[in-house]
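With the sequences and hints as input, model every part of the structure.
Read left to right, the sequence shown gives residues 498 to 713 (our numbering).
Hints are computed from structural coordinates only; laboratory data are not their basis.
One or more of the hints may lead you astray.
[To be verified] Computed cross-link-like contacts, SDA-like style, restricted to lysine to any residue with a CA-CA straight-line distance of at most 20 angstroms:
id	residue 1	residue 2
1	K549	K559
2	K583	R556
3	K676	V698
[Claimed, not checked] Between beta-carbon pairs, the in silico distance windows are:
id	residue 1	residue 2	range
4	R658	E615	48 to 56 angstroms
5	V706	R658	13 to 21 angstroms
6	F600	I707	32 to 40 angstroms
7	I654	A617	34 to 42 angstroms
Predicted model, so just to flag it, every value in this text is computed and none were measured.
No residue lacks a Cβ here, since even glycine has one placed at the ideal position from N, Cα and C.
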Amino acid sequence: MCEILCITHKYPPAIGGMERQSYELTNGLKQYYETHVIAYDDNSNKTLWFAKLRRRVKRFLKEHPNIKLIHLNDGGMGVACLWLQKLTHIPVIVTYHGLDITFPLGVYQQKIVPKLVEFAGAICVSNFTRNECIKRNFSEHTTFTVPNGVDTSLKDIPFNREETIDRLKNVYGVDVEGKHIVMSSGRPALRKGFSWFIRNVMPKLNSDVIFLMTGP
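Printed below as a string of C-alpha cells:
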C-alpha cells in the first residue's frame, strides 16, 4: 500500500475550518493509503514546533522509507517547508487557500511564491485560487481544483424547529419567529467580508430579514 506523509500546522484540538479540513483529509486518505500525520497539536509553542520540524521530518522519512508522497496543508506550511525541496526527492504537494497565493505583500509575491511553484503539485480549494496560481507560473498540468467537501452525515442530526427557535430567543436573545434568515458559519475574520455585508447589504433588505452569524 502506498504511504503518504501529511504535515499540517492546522489540526484538532484547535478549532477552525482549516483544522477541520486537515482532519477530514487525513482520515479520508487513511481509507485508501497508509497515512502518517505530523501535526501541531496546539499544546506546545508553535515557533518551537516549526524550529524542530526539519529534524523531525528527516528522522520520520528515515524510519518510513516507503513514503511516496508528502502533503502540506496550506501555503504557510509550504513556505515553512521550502527546505523539503532539497531534503528529499519525494514529491511534495500543497493545498492552497485564497490568500496563500494572493497575499498582497511585494516581497511575498516576488520572492516566496516563485519558490512555491517548485513543489511537485498544487491542490486549490477553488477555481479562482487555481487561476491565480496559473497566473504565477504554476503548471496547468500539476495544479488542480478540489473544492472543500461537506460532511453529508450532518443532515442526520435530529433537528427540532420549535426547540431551536425557543433556544435562540431564550438563550441568545435572538427572535427569529416569522423572519427570513441569512446565516453565516465560521470565524468572523475581517477579510472575509462579514462587516462589509452588514454595512452594504443588510440595509437594502426588508425588515423581516435578519443576519445570523455562528462560529467561534
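Structure-based check of all given hints:
no.: 1; hint: K549 x K559; verdict: 16 angstroms, holds
no.: 2; hint: K583 x R556; verdict: 15 angstroms, holds
no.: 3; hint: K676 x V698; verdict: 17 angstroms, holds
no.: 4; hint: R658 x E615: 48 to 56 angstroms; verdict: 53 angstroms, holds
no.: 5; hint: V706 x R658: 13 to 21 angstroms; verdict: 19 angstroms, holds
no.: 6; hint: F600 x I707: 32 to 40 angstroms; verdict: 34 angstroms, holds
no.: 7; hint: I654 x A617: 34 to 42 angstroms; verdict: 39 angstroms, holds
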